[in-house]
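Trainee: Work out the full structure, taking the sequences as your base and the hints as a guide.
Protein chains in written order, with our numbering: chain A, 1 to 187; chain B, 1001 to 1244.
Heads up, none of these hints are tricks.
Restricting the straight-line Cα-Cα distance to at most 30 Å, the calculated cross-link-like pairs of lysine-lysine (DSSO-like) are:
1) Lys1089/B - Lys1153/B
2) Lys166/A - Lys1153/B
3) Lys1167/B - Lys1086/B
4) Lys129/A - Lys1089/B
5) Lys1167/B - Lys1153/B
6) Lys143/A - Lys1089/B
7) Lys158/A - Lys1153/B
8) Lys166/A - Lys177/A
9) Lys1167/B - Lys1221/B
10) Lys143/A - Lys158/A
11) Lys1167/B - Lys166/A
12) Lys143/A - Lys24/A
13) Lys1221/B - Lys1089/B
14) Lys1167/B - Lys158/A
15) Lys177/A - Lys158/A
16) Lys185/A - Lys143/A
17) Lys1089/B - Lys1167/B
18) Lys1153/B - Lys177/A
19) Lys1221/B - Lys129/A
20) Lys143/A - Lys1086/B
21) Lys143/A - Lys129/A
22) Lys1086/B - Lys129/A
23) Lys1086/B - Lys1221/B
24) Lys1086/B - Lys158/A
25) Lys185/A - Lys158/A
26) Lys1089/B - Lys158/A
27) Lys166/A - Lys185/A
If you only want the chain B side, here are some residues facing chain A, beta carbon under 8 Å, derived:
28) Ile1085
29) Lys1086
30) Val1112
31) Asn1113
32) Gln1119
33) Ser1120
34) Tyr1121
35) Lys1125
36) Gln1126
Hints in this document: simulated from the structure, not taken from any laboratory. The C-beta atom is built at its ideal place from N, Cα and C for all residues, glycine as well.
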Amino acid sequence: MSKKVTPWLDNLLQEIEGVEIRRKDSRRVRIDIAADSLPTLLELLRGRAGYVHLSAITCVDWIDDGQFELVYQLWSYESQSLVSAHIRIAREPGVYVSVFDLYQPAAFFERDIHEMFGVYFEGSPDMSKFILTEWNGPPPMRKEFDAEAWVNETFEWKDYQPDWLKEITEQGGGIVKTPEEARQKKP
Amino acid sequence: MKEIDNPIEAPVDQSRTNPLARVFDELVRFCRSRSMFMLHYCTGCGAIELPPAMTSRFDMERLGIQPMVTPRQADILLITGYVSIKTLKRVILTYEQMGSPKYVIGICSCTVNGGMYWQSYATAKQLDQYLPVDLYIAGCMPRPEAVLEGMRKLMDRIRSGEADGWKDYYRRYDWYLGNQQHLFGDDWQTPADVIGEASHYDLAEPGTEGEHTRLLQQCQKPLEPQQTFFQIGGSLEKKGESHE
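Mentor: Laid out in structure tokens, this is it:
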């Protein structure tokens, strides 16, 4: 089979409505699709085009649009090509359907996205905590989560002018630029 | 090695009135400083500097420093790199299992103030708020020379009796526990009985117990004896239960 994404993929994708196809490269295709049609697309790609490997599901938070973007990366060993299927779902309530029945590795990706972004996947086998088992705060990868404010609230910073350093500073040594000065934003 | 072989003035403990009480002290401290068994809890990238420090070019073992496999056998806990809150729980658990006297070394700037992860919600910033750190080796990352220099500094401090962070942990356990509870929640507990150990070493001071230890005692569950399971007729049952 040729290493280029063959025209039959185009023919196949014409069976689904509302699909926008962009060829990024000879071996990369980006497909933007309505959220409702994604399971159909994945079923077609897996069953008839040989995209049997779900490399990753990633999530992007578009807070100004009030949407989450979910990206499904699919790899075909036969045509050596990557398809990334992009969908947008509403940020509130942030619920989507699981693709675990098509691709079993999706369970881990969905569990991860659930704890990092708070997106709930209906039909996923396990939505319990995965990596952030000790975390009780809001989903930390959401754009509205201010990590710096949380850090300032939770942790204390080390004193950078302790007494033992003052002698060294008088002699011309010590810390030239304190972290407080370095952190101040430029106007 | 010259400065190490110089005699070091030890602080005199006035409470020991027996003239023979300090006869072996200097020998004991010398032996302690020359057999530093490290347990390196390799949390981050700083652990990469330890293999070159141990192998032929720098060869830590000629100074009596060598890695050890379990916390019970180790003297020094090396925290090499960023400590996430999740890891910090395990680090404290490991530290409390070590036998006294025990020393903590924080390597890399991450243990000092979060390092390049200062903005991360998951990284504990100052290690010395949760564990008594005897020595920091700053740098991102410190070279093996710096690690060895730090180790020799700790040798000096052990030999002169200044490295008493483990005593500080018993004396101000309430403060350390309070910081730990601030991160882990009020139901945080470890299997170790630190207050009991503090009174065993005769180090229980007003700072040992306080509001945080009272909070701990309210929610502390006693350790359950290990349950033995064995197979009877295909079903898994607890030992000691009547089988009818």
